[in-house]
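Asks: Spelled out from the first residue to the last, the chains are:
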Amino acid sequence: MQEAHPLAETAARFIWWLPTLPLIGFLINGALALAATAKPGPADPSADHGHDQSTGPSHAASDSHAHGDDAHPPRHRFARAVSVVGPGVMVLAFGLALAIFAVMRGAEMHAPYINTLFSWMPVGDLQLDAALQLDQLSMVMVLVITGIGMLIHLFSIGYMQDDPGYARFFAYLNLFVFSMLLLVLGANMVVTFVGWEGVGLCSYLLIGFWFTEKANADAGKKAFVVNRIGDFGFMVAMFMLFANLGTLNYVDIAARAGQFAPGGALVTTICLFMLLGCFGKSAQIPLYTWLPDAMAGPTPVSALIHAATMVTAGVYLVARTSMLFSIAPVASLTVALVGAVTALFAATIGLKQWDIKKVLAYSTVSQLGYMFVGVGVGAYTAGVFHLVTHAFFKALLFLGSGSVIFAMHRAYHAIHNHSDDAQDMRNMGGMKRYMPVTWVVMWVATLAIAGIPPFAGFFSKDEILGQVFARAHGSTLASATYLGVSGATVLYAIWILALAAALLTAIYMTRMMLYTFHGPNRTGDGAQSHLAEAPWIMTGPLVVLAILSAFGGWLNLPETVTEMIPLGPTAVLEHWLEPVVGGATERIAAGSAHTAASTEQVLLGVAIAIAVAGIALAWTRLRPSSLVPKPLAEPSTGFQKVLENKWYVDEIYDVSVVKPVYATSRGVLWKFFDVGVIDTLFANGSAALARFLGWVGSQVQSGQLGTYAWLLVIGAVLVIRAFAQAGG
Amino acid sequence: MLAESLALSAALFTIGVVGVLVRRNAIIVFMCVELMLNAVNLSFVALARAHGTAGQVFAIFVMTVAAAEAAVGLAIIIAIFRHVRTVNLKNINLLRG
Amino acid sequence: MNEFYPLVYTFHFYLFGLVALAAAIVFVTRKSPVAAALWLVVVMTSLAALYVMLDAEFVAVIQVLVYAGAIMVVFLFIVMLLNLGTLSELGEIRGKWGRIAAALVGLALVAELAALSRAAYSLRVTVPARSGPEAIAETGGVIGSIAAPMFRDYLLAFELTSVLLLVAIIGSVVLARKRSEHDAG
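Protein chains in written order, with the working numbering: chain A, -11 to 716; chain B, 34 to 130; chain C, 730 to 914.
Since the hints were made in silico from the structure, they are not lab data.
Every value quoted in this text rests on a predicted model; they were computed, and no experiment measured them.
Please note: incorrect hints may appear among the correct ones.
Here are the computed distance ranges between Cβ atoms for each label pair [as the list claims (entries may be wrong)]:
id, chain 1, residue 1, chain 2, residue 2, range
1, A, R679, C, A751, 50 to 56 Å
2, A, Q689, B, A36, 38 to 44 Å
3, A, Q689, C, F887, 33 to 39 Å
4, C, F887, A, R679, 47 to 53 Å
5, A, V707, C, A876, 31 to 37 Å
6, C, L805, A, Q689, 30 to 36 Å
7, C, T739, A, L677, 55 to 61 Å
8, A, R679, C, K907, 42 to 48 Å
9, B, N121, A, L677, 34 to 40 Å
Glycine included, each C-beta is placed from N, C-alpha and C at the ideal position.
Just chain A, with the same shape it has in the complex (with noise of 0.2 Å):
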């Protein structure tokens, strides 16, 4: 701990209560969740009672039968204690959070401030503190993760109002949100991995929350299998790391790394590894498929952890060890190729779902390769900047889809109807006349995803696309070979398939709000009228991420926009982020040429109208009114079918590489090596060995004298043999 720090006496100190409140949450709330299963009081729903629906808020259906009231299903034991400890822990964490904040404003802080708690792993020369390290970079995340996690525990409280396990739902969001604390703030990457092991252990859990029903913990298991392949990466990286730099602290790598040839194999390898991490809790091709079935969990789950915080610890990763990423360009333009091909085709796919949540699942994955095409081409700063937008719009695209699954749950519960898929965006339709609140902040977040400025995901997007043109005018990226292509053919083409997502964006962002909020109503007689807006504790938490949503660009705008129209201050967020990324930033862009404004200004120009076109095109083109329930629907064909099917990819994962798996451990390691080696040979042969020298030692057992005393003097021969040689 650097003794003269700015933070050291001041409300930094207390850091390590940011991830210990949460951790408290879930214990007083875990403890209620076993104390409400271990006795379940008169009113208590059964604790196996069967889910009817696979998804959605309310799972009370059978019991309210049972108590012959309808509209008040019986509530948790201790829901209110629950209520008040789960969203309180949150509200005091963001204070905090905010606190320290204040701080550091007024602080001229140069060095992370490093707060260690104890020696965890003093092993020759692993010496690893269980550290938390707070500088710009974390404190960003602290404050995405603890605001938008308050807002979502906030809206959790009338969402999961309902469901029997209310509890234990409070006690793995809490749990969720201590270790993406531990995530972000880990000082070095060990901290760091606990984190990411338990943010992956909460996603698990909570995919399968509602796990009576089979492919919901189907679902929570890929999830966990998917990202164990990417931890695989993670783990190798540090292993690799340790070996060449004798350290995992954040801070001595980014002193050692220029041990590192700039460039060099080993350093190359070292990032693509951690990438196959990244790519894996980011949600990226190859690894991306298990987000899209993680929205068998709760909303506000798919909400936290699938679009806002949690997927976003890869690009988070990225940044954090800009300082490798900055000097292996063949690493980096992986990062962004990747990141637009998969934002392309996630689109793409986008464009043909149906289930609602699925759409926002596929536009996360899209998105997401927004981030790593940013932080891939070292705008880190663009990078993170897209990830807290993404974070404010894709929170509130989640929580608003979960206010409509509430309501339209509520009113297929009211009819009994336990058939209709209540995600169904075919089952919808007209909804902006019921939900009024819901639709107009839909929307915000529909223009902000879009692209359509002043919302706040314009000014991130742009400058994304900005800085991949920049770079491919030259830098370090341009001027590198990868795999035989010139480095700024490849940001050409990276720039060229992210204009055709931001496109396919708007134009399927477009179809699922026509589709839902507009058009006639296909909910059916009998339920229509029991549509209904959500209550004031649900639309809370939209209305502010609404507002955040619209003004969060005002975070980083550009020179461009702030020389033509006076907005704000500008470029905020990369003067905050200098003291971290700016080191790694510049590496890059070195050599760079200034783009001139006229062209930035046309780049701007060809951002709007691209997304314009996208609305427009799909306002145009798209007929909600000739919609019809799935039922009724024709089969799709052609492309719209492989679009339908996502493309296949999963059923070709199934036969490349589950299917193998599968014959490989019946065939090789069950039939042969557990039942042949090891049953037969060692369970099996062990025990034959052992009845056969039993069955020797009980022949010598003869009770003849003599016999004994041979063996007796056998053994004493040679024993004293021994002493003999011994003595020799």
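Let chain A serve as the given structure and place chains B and C on it in line with the hints.
Replies: Chains B and C alone, transformed into the frame defined by chain A:
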């Protein structure tokens, strides 16, 4: 005379061992054991001459133990003889479980 | 101590050594237990003579009194008590293969013991200052030189030996007692 004593001790001990192995009369086997003990005593006494009188003390201890052993061993032989009417080791397998 | 004194000792040492060896071989080959016991008495008496040559007069006396006297008398007493002297099968010796095997084991044992005494221990034998007739005389005579270590250094072992003898007395009485009421055993 030390080397000769030890050689004689080894020879007597081996004769005792061979007797234990070869004879089937329990009483003679017992006597062979006594012979082995005597051989060991010879070693003790011979070595006591070079290393101090502690060896003689041990020789006396061995004799005491031998006396106790003879008393108990012969009592056992009497008891077995009463039971099976023989002292031939071939016919005595009471130790069999 | 005269000049020829060691020579006399050496002569008698070899004489009684050969007698003991020969008597042992004869002992182990006798069929009759009574003859075997008497030959064993010869071995033990010869060993007593050897002890005298080895400056262990007290041990020699005890050897004659306890071993050749008491213990062997008990053996003969048992042989006669059980009337074993006349039973023909009792002298039986193992068959040919048993004897060959025993001879091989015996040879191996002799060779090993020879190697042991030569290699390991004879090298380390050093005659300490307190040895020989002079040393014995200094430390209080033949008996005193034994009594001193026995009742000082090995007092605990001595006491334990007395306990052992007590146990042996009680044990042999219990084992050899005639159980007339429930004789089945």
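Asks: Taking the hints in turn, state whether each one holds.
Replies: Now the hints, each set against the structure:
Range check, R679 (chain A) to A751 (chain C): Cβ separation about 52 Å, and the 50 to 56 Å hint holds. Taking the beta carbon of each, Q689 (chain A) and A36 (chain B) are about 42 Å apart, inside 38 to 44 Å as hinted. For the pair Q689 (chain A) and F887 (chain C), the beta carbons lie near 38 Å from each other, so the given range of 33 to 39 Å is met. Separation of F887 (chain C) from R679 (chain A) is about 50 Å and conforms to the stated range, judged on CB atoms against 47 to 53 Å.
A hinted range of 31 to 37 Å for the beta carbons of V707 (chain A) and A876 (chain C) is consistent with their spacing of about 34 Å. The given range of 30 to 36 Å is respected by L805 (chain C) and Q689 (chain A), whose C-beta atoms sit roughly 34 Å from each other. Here the CB-CB span from T739 (chain C) to L677 (chain A) is close to 60 Å, well matched to the stated 55 to 61 Å. Separation of R679 (chain A) from K907 (chain C) is about 46 Å and conforms to the stated range, judged on CB atoms against 42 to 48 Å.
About 38 Å separates the C-beta atoms of N121 (chain B) and L677 (chain A), a value consistent with the hinted range of 34 to 40 Å.
Against the hints set out earlier in the document, no violation occurs for any number.
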